[in-house]
Every structure is written in structure tokens, then in C-alpha cells.
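Mind the numbering: the sequence shown is residues 1 to 339 in full-length UniProt numbering, read in order.
Derived from the structure by calculation, the hints contain no laboratory data. Bear in mind the structure is a predicted one, so any value in this text is a computation, not a measurement. Relax, there's no trap hidden among the hints.
Here are the computed lysine to any residue pairs in the SDA-like style, where the Cα-Cα straight-line distance is at most 25 Å:
#	residue 1	residue 2
1	Lys59	Gly299
2	Lys321	Pro246
3	Lys268	Ser235
4	Lys248	Thr196
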Amino acid sequence: MTREQILFRTPRGDYSTRSRSTFYLRVKNNDITTGYVPSLSVCDGIYLGDALVTNRDGKAFLQIINTTDAEKEIAVPSIQLREVESIYRNRPGKTNINIVQRRDRNAMIGEIRQLLRRDNDAEIDEPKSTDNLNKNGDELGVSNNNIPEVNDNGTKTKLTTDTTYDSDTESEELFNAVNIPFDFQPDNVNITFLPTRDNIASRKDNIVIFITARGEALDKGAKALADAKLLPVISNAILGRARVLPYKNNKQLIALVIKNNTKEILDKEILDESIHSLLDVVKELSLESLSICNSEIDGRTWDDIRKRIHNILYNNKITIKVCKNEIVISQIDQRKDII
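Starting from the given sequences, assemble the full structure and let the hints guide the process.
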């Protein structure tokens, strides 16, 4: 496939030498839910595109590969997704994708209606074999006679079988559902959320918290670590990225940077970017478990945050302990009084 020249605009992202990272594109045609991104011309040694992507609120996430020995700063492009008609493989390792132009929806429905009517007429005109007919000339297991049914009071009523259907309605329903390739519909959900009364500060696990670029705590998890003097000083963190720090018991503290400061309004796109960065950390470090707090952030409910984590990490076998912080951990300076 030919590589396409594209126009870039801010924001930008930095990508280290010889690395594979998650990158996103801005989608211009938001009416397409799933589409194809052709191979894009960025610069020598940078590979991006030639992939099927899902449009998430105007953004499409995919992998960018830096094969050079230098760090690259890449601006975020705006592209038109190409609509995908079909995907098929004619031999192992070879995938063919048919890209189509947008067609009039009513014309497509009309064509399907004609095909349905033609197939139905052909089935009616087709002569039946006598091998599967009973002595009355009916198909085995099928009777044209009314079937009597005995009610509780002993009277009989007649039931008739309605074999008619509306092909027009079926064709309408066909186009009401969003057509998503099978690759985007997981057969098995590997991610598991387990609630616990534990305080996240007492967990001997990989900890996930939400902070600002200045290192300020945003969720109950980060605040609990700060109260327990376990939250390290974090500064100059990159918005929408995960900052990984060593934690106790050879575990990792993963801080997701979702705001520049506490006064800023939380952007759901930045939240999704940070969770995609968490996905990169999970894959790179082969993490099998995480602990996170059941917490609301800037009016965004925990159910919404949990759903976003699930939708992005669903293809990874991982257990996430959801801490409710119901077990209180005393402050260090208060422990002497307790004893």
C-alpha cells in the first residue's frame, strides 16, 4: 500500500529510541465507528498506520514504531478513516481488506430487499422432493391442519402456525446495528475486578493512582498513600502518560497523569490516553495484578472509570483489586498514642 502524506498539528509526543508505543490520531469523519488507517509518511525509521482502528470520541489509538537510534517528537495528525467492507485471509499471514466508498443507505437497503424477495420466490417455486412428505403430502414434522389444544376446563381451541415474516423489517434491523469486525469483539474477557475492604496503602501489589503533572493526588488511592507517607515526590510528569516508580516488595507504583493541576477540568480523552499508557506498562512488565481505589474523580464516577479501564485492558489476563479503604491505617505520629 502506498504511504500517504498527512498534515500534523499539536499536541506532540516524544518517543524513545527503538521502541513501540501507543499513539493516537484525530479522526475527522466521526460517523465511522471502525475504519482503516493506511500507512502514513512520518519520517525515516518511523512506522505508523496500515491498521484497523476504533474511533473513540474522535480519537483512534494504534501502535507507532521508532526503529531509529534517536528520540523522535511526533505531532498528532488529523485523518479521514476509510470505511471497511470486508476482511478476509486467502493464506496464513496474508490479510486482505476491502475499502469501499460511502454508499447511499436507502439504495443498499433496497438492493437487499430485492435479493430477499428473489430468494423467497425461488424457494416457493422449487419443487419439493417426496422423500420427506407424509401420506397427506405435508413435510414431515409440519402440518397445515389446525392443532387442537385442550384447556384446563376441557374445551378445545384451535391454534394456527404463522410462518410469515417481514423481510423489509429484517433488512432495516440489519443496518440499525453497528457492523464491527470480529477482531474488535473479544470472545473471552480476561480482566477481573475484585472488591476488597483493604486500604490501598497496606496492599503489597502494583498500585495504580491518579495524579496531576505536579504530583498532586487526585483520587482516594493517591491521597491514602500521601497520608501514609508512601507517595513519592513526582514533578514534571507528562500529561496523559503513566509514571512508573519502584514500590515496596519489588512492586511498581503506577501514577496516571490526567490533569495539569487540581483546578483544571478533567478531560475524558486525556483519561483514556493515560489508561492506554497503563496498558503499555502492563504489557511491558507482564503484570498480572493491580490494586486501585474505588474513587470518584472530578464528578466522574468510579463505574465510568472502571468501564474505561475494562474496555482498554480487556484483552489482558489481569486481576484488579478494587480497594474501598474501609480499614483505616493510623498515622505514623499517632501510633505511639495507640500503643
